[in-house]
Amino acid sequence: MRVRLVKQQTFSRRSVLRGIAGGVVAAPSLGRTNGNWNEVGDRDKRTDTETMAKQSESTAEPPLVTVMTRNLYVGVDPRRLLLQSAEEEMGTVVADLLADIERSRFDARAEAIADDIAEARPDLVGLQEVTLLRLQLPGDYVSDAGRTNASEYYLDFLGLVQSALAERGLTYGVVSSVTNTDVELPADLDAGLADVRLTDRDVVLARQGLVTHNPRRHTYDATVTIPFPDGVEFPLVRGYCGIDVEVDDTEFTFVNTHLDSTSASTQLDQARELVVDLTALDRPVVLVGDFNSPADGSETVTYDLLTQFFVDAYAEREPDSAGYTCCQHPTLRRTRSMLSKRLDLVLLRDVGPVVDVDRVGLHSADRVSTTVDGETRRLWASDHAGVVATVRVDPSGTVPRPSGRERTLSSSRTSTARYSNESANETGANGVNRTESTGGETTDVAVPGFGFLAAAIALAAIAVEAVRRRNAE
Numbered sequence: 001m002r003v004r005l006v007k008q009q010t011f012s013r014r015s016v017l018r019g020i021a022g023g024v025v026a027a028p029s030l031g032r033t034n035g036n037w038n039e040v041g042d043r044d045k046r047t048d049t050e051t052m053a054k055q056s057e058s059t060a061e062p063p064l065v066t067v068m069t070r071n072l073y074v075g076v077d078p079r080r081l082l083l084q085s086a087e088e089e090m091g092t093v094v095a096d097l098l099a100d101i102e103r104s105r106f107d108a109r110a111e112a113i114a115d116d117i118a119e120a121r122p123d124l125v126g127l128q129e130v131t132l133l134r135l136q137l138p139g140d141y142v143s144d145a146g147r148t149n150a151s152e153y154y155l156d157f158l159g160l161v162q163s164a165l166a167e168r169g170l171t172y173g174v175v176s177s178v179t180n181t182d183v184e185l186p187a188d189l190d191a192g193l194a195d196v197r198l199t200d201r202d203v204v205l206a207r208q209g210l211v212t213h214n215p216r217r218h219t220y221d222a223t224v225t226i227p228f229p230d231g232v233e234f235p236l237v238r239g240y241c242g243i244d245v246e247v248d249d250t251e252f253t254f255v256n257t258h259l260d261s262t263s264a265s266t267q268l269d270q271a272r273e274l275v276v277d278l279t280a281l282d283r284p285v286v287l288v289g290d291f292n293s294p295a296d297g298s299e300t301v302t303y304d305l306l307t308q309f310f311v312d313a314y315a316e317r318e319p320d321s322a323g324y325t326c327c328q329h330p331t332l333r334r335t336r337s338m339l340s341k342r343l344d345l346v347l348l349r350d351v352g353p354v355v356d357v358d359r360v361g362l363h364s365a366d367r368v369s370t371t372v373d374g375e376t377r378r379l380w381a382s383d384h385a386g387v388v389a390t391v392r393v394d395p396s397g398t399v400p401r402p403s404g405r406e407r408t409l410s411s412s413r414t415s416t417a418r419y420s421n422e423s424a425n426e427t428g429a430n431g432v433n434r435t436e437s438t439g440g441e442t443t444d445v446a447v448p449g450f451g452f453l454a455a456a457i458a459l460a461a462i463a464v465e466a467v468r469r470r471n472a473e
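Here full-length UniProt numbering is used: the first residue of the sequence shown is 1, the next is one more, and so on.
None of these hints come from the bench; they were simulated from the model.
Here the structure is a predicted model, which means the values were calculated and not measured.
Just so it is clear, CB atoms sit at the ideal spot from N, CA and C, and this is done for glycine as well.
One or more of the hints may lead you astray.
Label pairs and their computed distance ranges (CB to CB) [to be verified]:
no.: 1; residue 1: Glu233; residue 2: Pro319; range: 38 to 46 Å
no.: 2; residue 1: Leu281; residue 2: Pro235; range: 22 to 30 Å
no.: 3; residue 1: Thr219; residue 2: Glu375; range: 17 to 25 Å
no.: 4; residue 1: Glu375; residue 2: Phe228; range: 47 to 55 Å
no.: 5; residue 1: Ala191; residue 2: Gly374; range: 15 to 23 Å
no.: 6; residue 1: Val211; residue 2: Glu375; range: 41 to 49 Å
no.: 7; residue 1: Ala118; residue 2: Ala145; range: 42 to 50 Å
no.: 8; residue 1: Ser364; residue 2: Thr92; range: 33 to 41 Å
no.: 9; residue 1: His218; residue 2: Asp190; range: 34 to 42 Å
no.: 10; residue 1: Asn214; residue 2: Ser298; range: 35 to 43 Å
no.: 11; residue 1: Val232; residue 2: Asp296; range: 31 to 39 Å
no.: 12; residue 1: Ala280; residue 2: Gly374; range: 48 to 56 Å
no.: 13; residue 1: Ser369; residue 2: Glu89; range: 33 to 41 Å
no.: 14; residue 1: Gly192; residue 2: Val355; range: 52 to 60 Å
Based on the provided sequences and hints, a complete structural model is requested.
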């Protein structure tokens, strides 16, 4: 199998693994992580801040801001690893997953994602599942399980996206990021037993010329612990990243997140942490991400909780459209779209009105042609469609209000759920284990009854914690 990871360079998996000590397949991202965004590169003259300022002055209207959210998709269904039997060798399973990631051809998919960004020209982009793969050969997992020390770059999703954007004459830099799960596991490869390190990140990209400062990141207290047959346990870590943005003397905060998909209770606790932090800000907020909670309430109640405090831009602008964004088949090869739920959202607080909203990467014609296992294939750019929204940042004007009654907020309690083969087999359609939050334990419940009760419990806990915070101040 041959995998093109960098333009005009072709590498075979076997040759790369044999020569890993001598080189890097996909270079690390060139993006910056500080807040001095004005110092980076040349300005994009088609959509720079000066143009937006002139438009705003001529119309005497608040500035327009366009944002995008896109889950890049790691390229495999990770439940294969979670569902491995005791008889299966972990090294074999991990090697198979690595091969599946290669077959998903992110080098080609990054081109399609860059095309979508080039067409939409968003000011800010929230990316999820921004995968970084690193290898160590020979590996030391057997002697030092749980250690994450593989350092040879093998595949960097962020670097490939930024390179594809640069080829289109666009400069988008990293202004904020958060590292989520960082796990290293053994893989039985052609070259021998290696360690494969997968680092999951959420990233905020900003177009050149946008004034940004004060990057922020947070790791949620609520996590899911994954026990493996060899006794090693790994936490599935999630978090959010954000940046303060200034357009025409108007400031707002842009935040990007990816909530848990394996435990309903953990997902809800993460959402509570997020809401507490963001509603405490004294400025408008634009929140984007993959929330893993269908907007129709069919699987978890997280969406209902979030829309008590934020306006759903898509629902505001397209109230009669289902707006599905997930999920294509894990191989990305099906011709017919399989999108059947809306998980990817642009949420607003004290921002609006919503001028336009659209989805990208949802039509069969949007697929990219590439070579997989020696055959020409057409792949979806991701298992998720993206969402693009244009809004006016008008905190002093008339803005859409959340669907529910405004409530005082609290921080979430710390909770840790455990994931097992049994719970994996009881997950919902998007992999969410339908469990009620019980202070760290998980209890199977029917979703309809759980919905109202869980939302009530979460909101009550939020109010109690808000009182505690005020008293502490």
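* Asked: Quick one: are histidine 218 and aspartate 190 within 34 to 42 Å, going by C-beta?
  -> holds (40 Å)
* Satisfaction of the hinted span 15 to 23 Å by the C-beta atoms belonging to alanine 191 and glycine 374 -> Once the Cβ atoms are compared, 21 Å apart, the range 15 to 23 Å for glycine 374 and alanine 191 holds.
* **Verdict for serine 369, glutamate 89 (Cβ pair) under range 33 to 41 Å** => holds (35 Å)
* Between serine 364 and threonine 92, does the beta-carbon spacing fit 33 to 41 Å? -> holds (35 Å)
* Check the following: the C-beta atoms of glutamate 375 and phenylalanine 228 are separated by a distance inside 47 to 55 Å. => Given about 34 Å between the Cβ atoms, the range is violated.
* To do: Just tell me: holds or violated, for the beta carbon distance of valine 232 and aspartate 296 against 31 to 39 Å?
  => Roughly 38 Å apart at Cβ, these two residues keep to the hinted range, so it holds.
* Is the distance from the Cβ of threonine 219 to the Cβ of glutamate 375 consistent with 17 to 25 Å? -> The hint (17 to 25 Å, Cβ to Cβ) is violated, given that threonine 219 and glutamate 375 are roughly 41 Å apart.
* Take the C-beta atom of glutamate 233 and the C-beta atom of proline 319, compute their distance, and say whether it sits inside 38 to 46 Å. => About 44 Å separates the Cβ atoms of glutamate 233 and proline 319, which means 38 to 46 Å holds.
* Do the beta carbons of asparagine 214 and serine 298 sit within 35 to 43 Å of each other? -> holds (37 Å)
* Asked: Is the distance from the Cβ of leucine 281 to the Cβ of proline 235 consistent with 22 to 30 Å?
  -> holds (27 Å)
* Asked: Does 41 to 49 Å hold as the CB distance between valine 211 and glutamate 375, or does it fail?
  -> holds (47 Å)
* Is 48 to 56 Å right for how far apart the beta carbons of alanine 280 and glycine 374 are? -> About 55 Å separates the Cβ atoms of alanine 280 and glycine 374, which means 48 to 56 Å holds.
The structure fails hints 3 and 4 (numbered hints given earlier, in ascending order).
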